[in-house]
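Residues per chain are reported as follows:
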Amino acid sequence: MNVTVRTIALGLVLTGAASPGVAQWLRYPTEGIPRKADGKPDLTAAAPRLPNGKPDLSGIWHAAQTPPCLDSRGVERPCGSATGGSPLGGNLGRNLPGGKLPYQPWSAQLRADRLKVMSIDDPHVRCLPDNPPRHWTLPHLTKAVHTPKLLVLMYEVNAMYRQIFVDGRPFPQDLNPTWNGYSVGHWEGDTLIVETRGFRDDLWIDTDGSPMSDAAKMTERIRRPNFGSLEIQVTIDDPKVYTKPFTVTLSEQLEADTEIVDEFCAEGEKDYDRLQRSRGK
Amino acid sequence: MLRALLGLIVLAQGAAAAQSATGTIRATVTDLQGTFPAASVQAKREPSGLTITGHGAAGGTYTIDVPPGTYELSVSAPGMKSFRRGGLVVSAGQTLRLDVRLEETVSLRTLGEDPTAIAATYFNRPDPPKGKTPRLTNGKPDLTGVWLGGPTDLGGIDFQPWAAALLKERIDNNFKDWPPSFCQPAAAVPFFTGGFFKLVHHPSTLVFIVENATAFTQMLLDGRPHPLGVGPYWLGHQVGRWDGDALVIDAIGFRDRGWLGFSGQPHSDKLHVTERLRRPDLGHLEIEITLDDPGAFQKKWTGTLNATLSPDIELQEFVCSENNKDAGHLVGK
Numbered sequence: 014m015n016v017t018v019r020t021i022a023l024g025l026v027l028t029g030a031a032s033p034g035v036a037q038w039l040r041y042p043t044e045g046i047p048r049k050a051d052g053k054p055d056l057t058a059a060a061p062r063l064p065n066g067k068p069d070l071s072g073i074w075h076a077a078q079t080p081p082c083l084d085s086r087g088v089e090r091p092c093g094s095a096t097g098g099s100p101l102g103g104n105l106g107r108n109l110p111g112g113k114l115p116y117q118p119w120s121a122q123l124r125a126d127r128l129k130v131m132s133i134d135d136p137h138v139r140c141l142p143d144n145p146p147r148h149w150t151l152p153h154l155t156k157a158v159h160t161p162k163l164l165v166l167m168y169e170v171n172a173m174y175r176q177i178f179v180d181g182r183p184f185p186q187d188l189n190p191t192w193n194g195y196s197v198g199h200w201e202g203d204t205l206i207v208e209t210r211g212f213r214d215d216l217w218i219d220t221d222g223s224p225m226s227d228a229a230k231m232t233e234r235i236r237r238p239n240f241g242s243l244e245i246q247v248t249i250d251d252p253k254v255y256t257k258p259f260t261v262t263l264s265e266q267l268e269a270d271t272e273i274v275d276e277f278c279a280e281g282e283k284d285y286d287r288l289q290r291s292r293g294k
Numbered sequence: 029m030l031r032a033l034l035g036l037i038v039l040a041q042g043a044a045a046a047q048s049a050t051g052t053i054r055a056t057v058t059d060l061q062g063t064f065p066a067a068s069v070q071a072k073r074e075p076s077g078l079t080i081t082g083h084g085a086a087g088g089t090y091t092i093d094v095p096p097g098t099y100e101l102s103v104s105a106p107g108m109k110s111f112r113r114g115g116l117v118v119s120a121g122q123t124l125r126l127d128v129r130l131e132e133t134v135s136l137r138t139l140g141e142d143p144t145a146i147a148a149t150y151f152n153r154p155d156p157p158k159g160k161t162p163r164l165t166n167g168k169p170d171l172t173g174v175w176l177g178g179p180t181d182l183g184g185i186d187f188q189p190w191a192a193a194l195l196k197e198r199i200d201n202n203f204k205d206w207p208p209s210f211c212q213p214a215a216a217v218p219f220f221t222g223g224f225f226k227l228v229h230h231p232s233t234l235v236f237i238v239e240n241a242t243a244f245t246q247m248l249l250d251g252r253p254h255p256l257g258v259g260p261y262w263l264g265h266q267v268g269r270w271d272g273d274a275l276v277i278d279a280i281g282f283r284d285r286g287w288l289g290f291s292g293q294p295h296s297d298k299l300h301v302t303e304r305l306r307r308p309d310l311g312h313l314e315i316e317i318t319l320d321d322p323g324a325f326q327k328k329w330t331g332t333l334n335a336t337l338s339p340d341i342e343l344q345e346f347v348c349s350e351n352n353k354d355a356g357h358l359v360g361k
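These protein sequence lines are chains B and Y, in that order. All residue numbers for the first sequence refer to the numbering used here, where the first residue is 14 and numbers rise by one. All residue numbers for the second sequence refer to the numbering used here, where the first residue is 29 and numbers rise by one.
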């Protein structure tokens with residue numbers, strides 16, 4: 014694999030199709046954020062609470078494990094306005110033994126095939142949803158709005174959303190296969206346990222192209238240890254694709270005093286055709 | 029998507045011309061199952077192109093009052109082949125009757141594609157539940173719920189000439205440039221999108237999610253003003269405050285030459301939207317909408333949209349970009 018070309022392709026994928034120029038950051042001092050004496054947000058303050066006493070996960074979140082910014086020779090440089098993203102966005106198994114997810118032979122081959130063409134078939138490039146757990150890793154903002162019975166995650170990319178029902182409902186019978194699956198949550202102490210079923214059979218869970226199938230059962234254990242951070246322990250049990258269940262830990266940092274903006278991916282989208290034309294070259 | 033189309037067709041009520049000496053076209057629209065109450069019926073004058081939209085009534089009968097002349101009648105409905113007949117001569121004081129039998133298009137009759145079931149979604153709904161207005165912890169009404177809006181007649185907006193010309197161009201073009209055909213938002217005013225929508229009410233944010241188009245928008249309730257130079261956004265920058273038990277939403281920062289809704293009415297980047305949301309009881313939501321657009325309108329427009337709660341319904345995932353085939357098949361002038 015040509016590292017330079019691969020990096021460029023990854024960059025194209027991660028910057029999102031058809032973003033008109035560099036991200037536009039809105040600045041607005043937001044009510045309810047604890048402040049230090051100098052007025053800056055105190056992100057180490059205690060997590061806010063819902064009326065029922067449980068942690069309120071509301072906020073604008075962004076993958077906290079920002080990878081270093083590299084120039085075309087692979088040398089680290091200042092990141093400028095880049096918004097980062099988690100290194101696990103490229104390879105979700107990066108921190109696991111061997112540095113990879115426990116693929117079955119067929120899924121290892123599928124991922125290798127996707128990598129060989131520099132992930133040009135990534136659904137993200139076609140304005141399709143960044144299904145969980147992928148949305149926690151990408152360099153885009155997610156706004157969480159948390160009410161006692163519902164957690165809504167609003168993704169800035171293409172105005173996609175995900176609902177997590179915390180009202181005690183069971184999974185419906187015979188779920189439709191969906192990108193986001195059907196998510197229900199319950200509390201164990203201050204940890205929100207989110208169980209998701211009903212995924213489609215053809216999902217990507219990282220930019221390298223690691224697959225996830227309709228057999229997958231996903232559990233996210235979400236904590237807000239302080240005002241400024243979320244920790245999400247993700248366990249995926251997908252016996253069609255992986256030899257055993259695996260668990261990875263993702264973290265998010267609060268983006269204070271800003272707001273999400275319009276980003277409609279399909280507007281003037283040109284990336285997909287151009288990437289497809291590179292196939293076989 | 030068909031459910032989406034139907035919702036929008038219900039909303040699409042074009043400007044009906046009031047004329048002193050008119051004739052009438054009366055079309056009874058049926059499909060294989062019987063009468064069809066959810067069609068879009070238009071008479072287009074030949075050759076000037078003046079288009080007048082018909083209003084439906086029980087029994088699938090649509091009545092269009094038109095100035096005397098020669099007309100082409102077009103009838104379309106979700107899941108059905110369009111009907112079109114030209115050379116219809118209408119005289120003053122006379123009624124021209126037509127029986128229009130719509131044929132089905134190729135349909136897999138998969139989930140959500142049965143036209144009868146779609147019509148039933150709108151016309152055979154149970155009454156909304158009775159009960160008191162739910163409240164947030166701050167004592168204000170909680171607007172949370174899955175809602176289905178009733179029709180809003182967007183006719184009667186007094187447009188400036190350029191905007192009237194753009195509306196006519198969109199109608200003549202069979203609305204082929206309507207943004208959702210290209211997986212972009214359906215309406216600058218979210219409540220004009222049609223179909224089911226969900227409100228999630230947090231004391232600092234009201235989230236609006238629509239099932240049948242891309243996709244959510246938010247109304248910020250923490251007391252902030254609009255930022256300077258905000259937007260341009262498809263659905264504007266929306267902030268809200270309480271006026272008693274009414275939540276008043278104020279939106280600016282729109283794109284220029286956008287679509288207010290499916291029926292093609294344009295707006296400019298000077299659009300200013302005010303909405304008063306009230307939930308007088310558990311099952312009802314009343315939204316009074318005022319549109320002020322000094323860039324496109326001659327004067328302000330006010331209308332009301334009534335929505336009812338659908339307590340046992342949840343939104344389903346709809347991903348427009350997935351295998352969207354519409355864009356390449358739309359025809360216009």
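To be clear, the hints were calculated from the coordinates, so they are not data collected in a lab. Errors might be hidden in some of the hints.
Simulated DEER-style distance windows between Cβ atoms [to be verified]:
| hint | chain 1 | residue 1 | chain 2 | residue 2 | range |
| --- | --- | --- | --- | --- | --- |
| 1 | B | W200 | Y | N352 | 35 to 41 Å |
| 2 | Y | D354 | B | K129 | 32 to 38 Å |
| 3 | B | V130 | Y | G184 | 53 to 59 Å |
| 4 | Y | K328 | B | T260 | 53 to 59 Å |
Glycine included, every Cβ here is placed at the ideal spot set by N, Cα and C.
Margin query: Check the structure against each numbered hint from earlier and tell me which ones fail, lowest number first.
Written below: Failing hints: none at all.
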